[in-house]
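K.L.:
Spelled out from the first residue to the last, the chains are:
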Amino acid sequence: MAEYKGILVCGELADGKLASITTELLGCGRKLADESKEDLSCLLASDAVAGASKEAIAFGADKVHAVEHPALKEYQADSYMQVVEKVARDSAPRVILIGQTAMGRDMAPRLAFRLGTSLTTDCLDLRIDLTTKRLMQTRPVYGGNAQAVFTSESMPQMVTVRAKTMSPLERDPSRKGEVKPTKIDIDMSKVRTRILETVKEQAVGIKLEDAPVIVSGGRGMGGPQPFQTILKELADLLHGAVGASRPPADNGWVSEHLHIGLTGKIVAPDVYIAVAISGASQHTAGCSGSKHIIAINKDPEANIFREAEFGVVGKYEEVLPAFIGKLKELLAG
Amino acid sequence: MPVNMIVCCKQVPDPEAPPSVFKVVDNKMTLPPEVKPVIGQYEEFALEAALKIKDTAGGKITALSLGNNFVRDVIKKALAVGADELILLEDKAFEDGDSWATANALAAAIKKIGTYDIIFCGRQSSDWDAGQVGLGIAELLGIPAVTLARKVEVGGGKAKVERVIPDGYQVTEVTLPAVIVVTSGIGALRYATLKGIMAAAKKQPLVWKPADIGLEPSKLGAAGRRTRLDKLFQPIKESKCEIIAGETVAEAGAKLAVRLREAKLL
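Residue numbers (the working numbering), protein chains in the order written: chain C, 5 to 337; chain Z, 2 to 267.
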């Protein structure tokens, strides 16, 4: 059996630059590498990765596997897998860190099964057990109603990590590291999928992830209408964005891109106003990082009141008009 | 062209049960008897994806599930809504597997079924939420996979799949056979018709044991795991919510605005 050594981060680019999730993984990977006195390497594979490679060093990598190929510009599993499988086999790392992102969700399980090893997805916390040297992998289970700690029974130990759970290092452009351009031939005859079209469905107004205030509606809104009227009115008043829990997205009341939760977006605004949301763990997994949560719900027992800092018990149809009216008055004065 | 489809379904405790009933005791999730088992929500979407294709192109749907002690009325919902056949991998040996053990057993069963154009899976189970089994099956069978599908059309030995990406979608063409992993945008599972329920009542699922799919017990369930569950726990949350009250609900709403302004939140 080969000796497994070092930590490998599977990096991502966003608009040609090093993605924030990758800086977070490098921050986490640096800590794990220092604790075990091993190297931290980072794989970057796209059409052009020179700039991002230097950034990866500045954010903590000792070595970057820089793979450039025109077929890698847009992530497509069958081409990308050829690269990541080769780098993972050649470098035989002890730990592989991948982002729980659109790419990571699609790529990590494939890689784990190809390497014949295990994978723990959506980790919130990672630490090395000092006696066994194993990576303790903590992730939510049962829709966020519990958490589980897993360890791998096989090598490499693979995990995907949720965005915004790990801290990046301070960027240090003077850090030294090696960028290793790696040439990999991609066999296009093995690519069994073809991307015909990529369409952006960007909502108008402020992006959910960037909004300082989010006004979110749940199943209790009863239909699509209030999302376009009263919730939007409140969001506009506060220069925020409208979001939703899973039922409105599943029912087609709002676009699925507004869905906040375990299987939707993870947000962390200053103020999160949850309207007619019961607060299933599935949902709170996506908004519990908010600085202040405010809940409006007619059920005093609703779980959302356990998460909230301020709350009103009542029907949103009665609470919101008065709340908005008073708020307009206060903001004008 | 009639399409041969396999839909992987999992029986799970109702994930819509209130959070307060989920209790971890001795590293195991224990739920009160009023929490009924259901087919996982994402597998319901996978079933609906298959039914939509059957509606238009025609074909056969085989529902496939792995576990032990299935509640027949729950898992037979797949037949009631329109699946043609139900195969249960049902044995104590299948219990407590991880993604690896589960995908391995399902892939062995799919090989035994033999003919398939599309294998539909949900994006993640509603209990362990790992999101690996569909992709694992594809790797073990050596066929392509497309994830997060919200629309699927079939024609000419290929499927055209609309897959959800951050803030948009991608139209991807994949050669068949393939695994297609489905997300919620596909639409809710249709209701069973009375005729469907009556037909399902008469059908018996096919039950396969480990030997039927040619797998050693050492590769199944808990024995076949590649991850170890070291601990299951529930982080303690303390509620410190300030409830704003008023003479009327509307007054409470107005007072909330004042309070939030005071606290300089808005």
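Treat the hints as calculated values from the structure; they're not laboratory data. A quick note: this is a predicted structure, and the numbers were derived from the prediction, not measured. Each residue gets a CB set at the ideal place from its N, CA and C atoms; glycine is no exception. Treat the hints with care, as some may be off.
Unchecked claim - Some chain C residues close to chain Z (C-beta under 8 Å, calculated; not the full set): (1) K41; (2) D43; (3) D82; (4) I132; (5) I188; (6) I190; (7) M192; (8) A312.
Said to hold, decoys possible - The calculated BS3-like cross-link candidates involving lysine-lysine, where the alpha carbons are at most 30 Å apart (straight line), are: (9) C/K41 x C/K180; (10) C/K35 x Z/K232; (11) Z/K152 x C/K269; (12) Z/K113 x C/K194; (13) C/K90 x Z/K220; (14) Z/K232 x C/K236; (15) C/K137 x C/K9; (16) C/K302 x Z/K238; (17) C/K236 x Z/K265; (18) C/K137 x C/K77; (19) Z/K256 x C/K236; (20) Z/K24 x Z/K159; (21) C/K269 x Z/K196; (22) Z/K241 x C/K332; (23) Z/K159 x C/K90; (24) C/K302 x Z/K37; (25) Z/K265 x C/K302; (26) Z/K238 x C/K168; (27) C/K187 x C/K58; (28) Z/K29 x C/K194; (29) Z/K265 x C/K137; (30) Z/K113 x Z/K203; (31) C/K295 x C/K269.
K.L.:
Could you run down the list of hints and mark each one as holding or not?
P.N.:
Do the hints match the structure? See the list:
1. K41: violated, 24 Å
2. D43: With Cβ-Cβ at 25 Å, over 8 Å, it is violated.
3. D82: holds, 7 Å
4. I132: Violated, about 13 Å.
5. I188: violated, 20 Å
6. I190: Cβ of C/I190 sits 16 Å from chain Z, so the hint is violated.
7. M192: Violated: closest Cβ of chain Z sits about 14 Å from C/M192, beyond 8 Å.
8. A312: holds, 5 Å
9. C/K41 x C/K180: Within the cut-off at roughly 17 Å; holds.
10. C/K35 x Z/K232: At roughly 23 Å apart (the allowed maximum being 30 Å), Z/K232 and C/K35 satisfy the hint.
11. Z/K152 x C/K269: holds, 21 Å
12. Z/K113 x C/K194: holds, 25 Å
13. C/K90 x Z/K220: holds, 27 Å
14. Z/K232 x C/K236: violated, 43 Å
15. C/K137 x C/K9: holds, 12 Å
16. C/K302 x Z/K238: holds, 22 Å
17. C/K236 x Z/K265: holds, 22 Å
18. C/K137 x C/K77: violated, 37 Å
19. Z/K256 x C/K236: Roughly 21 Å separates the two Cα atoms, so the pair holds.
20. Z/K24 x Z/K159: violated, 45 Å
21. C/K269 x Z/K196: The hint is violated at about 40 Å.
22. Z/K241 x C/K332: holds, 28 Å
23. Z/K159 x C/K90: holds, 29 Å
24. C/K302 x Z/K37: holds, 26 Å
25. Z/K265 x C/K302: holds, 25 Å
26. Z/K238 x C/K168: Holds, because 20 Å separates the two Cα atoms, which is no more than 30 Å.
27. C/K187 x C/K58: holds, 18 Å
28. Z/K29 x C/K194: Given pair Z/K29, C/K194 is violated - Cα atoms ~43 Å apart, limit 30 Å.
29. Z/K265 x C/K137: violated, 47 Å
30. Z/K113 x Z/K203: With Cα atoms ~25 Å apart, Z/K113 and Z/K203 stay inside 30 Å; holds.
31. C/K295 x C/K269: Given that 30 Å is the threshold and the Cα spacing comes to 16 Å, the pair holds.
Taken one by one, the earlier hints fail for this structure at numbers 1, 2, 4, 5, 6, 7, 14, 18, 20, 21, 28 and 29, listed in ascending order.
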